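Heads up, our numbering is the position in the sequence shown plus 974, with the first residue counted as 1.
Keep in mind that the hints were calculated from the coordinates and are not lab data.
You may find that some hints are simply not true.
Here are the simulated distance ranges between beta carbons [unchecked claim]:
| # | residue 1 | residue 2 | range |
| --- | --- | --- | --- |
| 1 | 1044 | 978 | 36 to 42 Å |
| 2 | 987 | 1090 | 51 to 57 Å |
| 3 | 1090 | 988 | 48 to 54 Å |
| 4 | 1041 | 975 | 47 to 53 Å |
| 5 | 989 | 1094 | 52 to 58 Å |
| 6 | 1085 | 1109 | 35 to 41 Å |
| 7 | 1042 | 1078 | 19 to 25 Å |
| 8 | 989 | 1093 | 54 to 60 Å |
| 9 | 990 | 1042 | 28 to 34 Å |
The calculated lysine to any residue pairs, modelled on SDA-like cross-linking and capped at a C-alpha distance of 25 Å, are [to be verified]:
| # | residue 1 | residue 2 |
| --- | --- | --- |
| 10 | 1076 | 1051 |
| 11 | 981 | 1025 |
| 12 | 1041 | 1090 |
| 13 | 1071 | 1020 |
| 14 | 1062 | 993 |
| 15 | 1071 | 1016 |
| 16 | 1076 | 1090 |
| 17 | 1056 | 1073 |
| 18 | 1021 | 991 |
| 19 | 1098 | 1086 |
Please read these numbers as outputs of a predicted model, since none were measured by experiment.
Each residue gets a CB set at the ideal place from its N, CA and C atoms; glycine is no exception.
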Amino acid sequence: MLLEQAKEMLMLAKQELHSAQYATYKNTQIKNAVVSVKNEVMEMIAKVRERKGRLDLPIASGKHLRKISDRTALQSADNAEKFITTRKIDSFESLAKFTTDKEQRYQQLETVHLSKGQKLNRLKELSKMYALYAPIQATYKESQ
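With the hints as extra help, turn the sequences into a complete structure.
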């Protein structure tokens, strides 16, 4: 029974320490301003951290997840909390909106990137053709 009470006290102490860490988190725009963010996303991160000590990643890699080489950074609860805090995400609805907005922006950038890649490939082809034409350019002009 004492062991159970000690475990509960340890868990409460960890929660208080975690709350204190974020109560003293300094806002980058206002020095020494206290940020105490309590929201459902932060609570979920804290619960997962408390249970496992790190965040879980999906077993199957996602569209963007496979592009990240340092997956241990993704499992850091501190990184997740900083991400949530700096982007002022306070609920799962705002997280979903943030995700949707960023996905749309990603799609736009990917479309632009692909079109520029196609233009670049076309210019490379033209450059090769010009390299073949350059030596005979003078002869062509003379024949005209």
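We went through each hint and held it up to the structure:
Under the hint 36 to 42 Å, the C-beta atoms of residue 1044 and residue 978, about 38 Å apart, fit the expected range. Between residue 987 and residue 1090 the CB atoms are about 54 Å apart, so this pair conforms to the stated range of 51 to 57 Å. For the pair residue 1090 and residue 988, the beta carbons lie near 50 Å from each other, so the given range of 48 to 54 Å is met. Between residue 1041 and residue 975 the C-beta distance comes to about 50 Å, which sits within the given range of 47 to 53 Å.
Distance hint check: the CB atoms of residue 989 and residue 1094 are about 54 Å apart, consistent with the given range 52 to 58 Å. A hinted range of 35 to 41 Å holds for the C-beta pair residue 1085 and residue 1109, which are about 39 Å apart. Separated by about 20 Å at the C-beta atoms, residue 1042 and residue 1078 satisfy the suggested range of 19 to 25 Å. About 55 Å separates the C-beta atoms of residue 989 and residue 1093, a value consistent with the hinted range of 54 to 60 Å.
One distance hint, 28 to 34 Å for the beta-carbon pair residue 990 and residue 1042, holds here, with the actual separation near 33 Å. Of the pairs offered as hints, the one joining residue 1076 and residue 1051 holds, with about 21 Å between alpha carbons and a cut-off of 25 Å not exceeded. Annotation: proposed proximity of residue 981 to residue 1025 holds, straight-line Cα distance about 13 Å (limit 25 Å). Proximity of residue 1041 to residue 1090 is assessed by CA-CA distance (about 21 Å); at most 25 Å being required, the pair is judged to hold.
Proximity of residue 1071 to residue 1020 is assessed by CA-CA distance (about 22 Å); at most 25 Å being required, the pair is judged to hold. Restraint check for residue 1062 and residue 993: the C-alpha separation of about 17 Å stays at or below 25 Å, so the hint holds. This hinted pair checks out: residue 1071 and residue 1016 have alpha carbons roughly 17 Å apart, not beyond 25 Å. About 21 Å separates the Cα atoms of residue 1076 and residue 1090, which keeps this hinted pair within 25 Å; it holds.
Under the criterion of a C-alpha separation no larger than 25 Å, the hint pairing residue 1056 with residue 1073 is consistent with the structure, at around 16 Å. For the hint linking residue 1021 to residue 991, the alpha-carbon distance of about 14 Å falls within 25 Å, and the restraint holds. At roughly 18 Å between alpha-carbon atoms, residue 1098 and residue 1086 fall within 25 Å of each other, so this suggested pair holds.
Violation of the numbered hints given earlier is absent; every hint is satisfied by the structure.
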